[in-house]
Each structure stands twice: as C-alpha cells, then as structure tokens.
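Peer 1: One-letter residues, chain by chain:
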Amino acid sequence: MDNTQSFQFFNRGPSPAVRLVFFVVLSLLLLFIDARYRYLESTRSALSVLVSPLQRLATMPGVLWQQAGDFFTTQRSLVEDNKSLHQQHERDAAQLSQLQALQQENQQLRNLLALPQRGELAMQAAEIMYAERDIFKRKVLIDKGADANVQIGQVVMDDAGIVGQITRVYPRLAEVTLITEKDHAVPVQVLRNGLRTILFGAGDTSQLSLRYMPVSSDIQNGDLLVTSGIDGIYPPGIPVAKVVKIERDAAYPFARVTCLPVAGVDKHRHLLILSGLPRLPERPAEEPAAAQNSKTKQKK
Amino acid sequence: MPYSVPANPEIQRPVSNTLIVFSVLLALFLNGLPWEGVWLMLRPDFVALVLLYWCTHKPLRVGIGLSWAVGILADVADASLFGQHALAYTLLAFGGVMLHHRLKMFDLRQQTTQVFGILALTYMVYALVHWQVNGYMVWPYFLGCLTSTLLWVPLSIMFQAARQMRVSRDH
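Taken in order, these protein sequences are the chains called A and B. Numbered per my numbering, the first sequence spans residues 291 to 590. Numbered per my numbering, the second sequence spans residues -12 to 158.
Any given hint might turn out to be false.
[Said to hold, decoys possible] Residues from chain B that face chain A, not an exhaustive set, calculated with beta carbons under 8 Å:
no.	residue
1	L15
2	D94
3	L95
4	Q101
5	F103
[What the hints assert, rightly or not] Here are some chain B residues the structure puts well away from chain A; computed CB gaps all over 12 Å:
no.	residue
6	V63
7	L68
8	H72
9	F81
10	F93
11	T100
12	A107
13	T136
14	Q151
[As the list claims (entries may be wrong)] According to the in silico footprint, chain B covers these stretches of chain A (three or more CB under 8 Å from chain B):
no.	stretch
15	328 to 339
16	346 to 353
17	504 to 516
It should be emphasised that the hints constitute simulated quantities derived from the structure, not laboratory data. Ideal placement from N, C-alpha and C gives every residue a C-beta, glycine not left out.
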C-alpha cells in the first residue's frame, strides 16, 4: 500500500491537496473578479510587459516567411499588380471627384435644413500582428496601442468595410474583436430601403446573421448592409455585410438571414482605426420614475 | 511488495533550472505562434505538456504553485480570463504530482493513456469555464487534447536526450 503520503521525513510545505485547494480557490476568485468587474486590467497590462517580448518573438517566423515571399515576388506579378492598381486608382479618382461635388452639395443642403454636419473621420493605419490563438475567440491584435492614443470602443475597418472594434488596449498593442465574434452586434441599415436592424456575429464561422427580422420584412439576397450610426459608436454609411441567404419559414416568427462580411475580416494585414467620432448630443434628462415605469411596461 | 525500484532510471537524473525555465518559455513561444484555421484546432497545448512532464518527473521542483503562475502568464498571453489557464494548469499539476509514482512504473506507451486522462481533465476545465462565462462551446477545441497526447512520447524522448546530454557533459 502507498504509505508515503502519511509518513513524511522531511517537511516539504503543505501537502498537494492543500495547495490544490488554495490555488483552485485563488483561480476561481480571479475568474469571478475578471468576468464580473474587470478590475484586473492594470495587472494584465503590467504582466503583458513580461509576456509581450515572447509574443513578438513568436510573430517573427510569420514575418520572415512574408518577407521571403515579398523578396521572391516575380517581376511579372509586380507589373500586373501595378497595372491593376493604376486602373483602380483612375476609377477611384473619377469617383472621388464626384464624391467631392456630392459632399459639397450635401453640406449645403444640410446647412439649408439646419441639420448638424457630418464630421470628417480621422483615421490611423495599423497592422495586424497576429490573430488570437484561441479557438474560442475571433480577435486579432494590432500594433498600435495606448502609445498611439488608441481607445477602447474605436471602430476598425479595412478598405472595404467594417472589420471590428477595439476591445482592449495594451501599452503597445490593441485587441480588435471582429464582427464575426459570437454575439457581437452592429446596428445596420439596408442600403436599398433604409430598413434598420442589428447584425450579429455567429462565432464559429465567418458568417453574420440578422435576428428578429419579421418573415414579411423587405430584404433580398445581395442587399448591402451599411452601418446606421444610430448607436453613436459606428459612423454611419460604412458597408458591413451582404445578404447571402434568406430562409423564410412560416412556422417561425422571424426569418433567418445569413450575411457575409464585406471587409476581408480574415484576410488583410492592414487596417484603419477610426478616431474622433462625432459626439452625439447628450441624452435628454431621465423622465420621472413613474412615467418611465409605465413606458417599460408598454415595451414589454 | 513494500518498495520497488523504479523501472525508469531516467526519472532520477538531475535536471538544471535552466532547462526547466527554457522549456516553459519555449512552450509559451510555441503556443504563441500564429496558428490559424485547422492548425489552430489541432494545436497541442505545449505549455500543458511541458508542465505535466516536469510535474511527473520532478514533482518537488515544479509543482502546483509554479504551474499556477505559468497559467497566469498564459492567460495574459492568450487574453483569456484571469485564472482560466491557471485553474486548468493547477488541476493538471495536481494530477501530475499525484500520478508521478505510478508513471514511474510504466513505459512511455502505457504512460500515454494516463497522460490523456489528465490532459482531458485540463481541457474540460478550460472549456467549462468558457462555457459558464460565454454560454457556448466550441467542440473542435478538444481535438487539441488528442494531438497533445500524441506528443507525449516524442516530448519525453526529447527531454530525456536533453537531460542525458547535460549529464554526459558534466562528467
């Protein structure tokens, strides 16, 4: 029989069982505090100083591979790239001049109608350092952090549309939660008819879904969804997703609408962080409690 | 039999702190490589494997406390909840320390089944915490448990070689 456990010649501190209980309780406590109150962000960024050299080192093989690929790019593909980029540029330039005229016109109209002006968006370029190496999450880390004045809640996009939102800021890194993250919501509008709705990420695939769309709602395959800007977080009018599949089943009150993101959520390396979003006017003061209660009841 | 000579003399060979620290750092580095897509699903948890190796081979040097601390570092590296890896690795270390007598009696092939049990427990705890907090499960995550188990034999042979090299250099 195993009697080494009860009979100790040397004092080696508390027994494994005691240590187990101690560290399990400590972990559970930390889990609870982190999940509920998020008090530990400063500790996290302090510890990240220890870990980040290792993380940077871990990105090196990928960077080297990429550099090697860049080095061996053939002359022909460069020429072709250059050509297509030139064409793209010419097309874009034509559109841009049109856009400027429209912008002018829009400004004048807004002036006439005494609507507030749409502010210009300040942008900051950033590069993806690596994708989150956790199968549970759809997040990427970018190379701009608190030192570049990146803030939590800022919107991240690429050249085509919305990619995600900044959810955590480290001294020299920031974490972007992609719009495909489970339950990540973006308020959107159907470009064709202005129908407002909310777009949710699905988590395990790169798909998005519209929930709570009545079966009878006017939505079609190929509809482009753009941000509605109602929440005051996402600027209005930026493409987010395209509708690819609609299932209308009369047995359910809501249609199942599947969308794909417009932006290369999983593809690109270079992203833009939007900063300096227009401030929304303050919410009106809360109504008296009684009035509010009756209102919430009505909503239910 | 009240006392038996360990079948595996390798267990008693000395090991330097440098090797332990280096192997843990290397494991954190390997976990941190940009794994993506299918590879991410199949990624073995190198940190868990290395910790389990040291907990079963040098339980007095690497134990529950150190595993917990490494778990906290892994939490920071992975941006998971504080304590998620730490909790899983604490249980892993406890399993390792408890089983280290038994593992001594087995050869590598037999050890693998035991190791699979401990790793499965670790993976389950991690997934369970995630499920509790976020309310959904990603099943392919458990594939990593299998690949980790498959790595136990090569890892043990590698560490054995590394320790042997050191011993022959010292003499």
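Peer 1: Does each hint hold? Answer for all of them.
Peer 2: To see whether the hints hold, each was checked on the structure:
no., hint, verdict
1, L15, "holds, 6 Å"
2, D94, "violated, 21 Å"
3, L95, "violated, 23 Å"
4, Q101, "violated, 16 Å"
5, F103, "violated, 19 Å"
6, V63, "violated, 4 Å"
7, L68, "violated, 5 Å"
8, H72, "violated, 9 Å"
9, F81, "violated, 4 Å"
10, F93, "holds, 16 Å"
11, T100, "holds, 20 Å"
12, A107, "holds, 16 Å"
13, T136, "holds, 17 Å"
14, Q151, "holds, 27 Å"
15, 328 to 339, "holds (count 5)"
16, 346 to 353, "holds (count 5)"
17, 504 to 516, "violated (count 0)"
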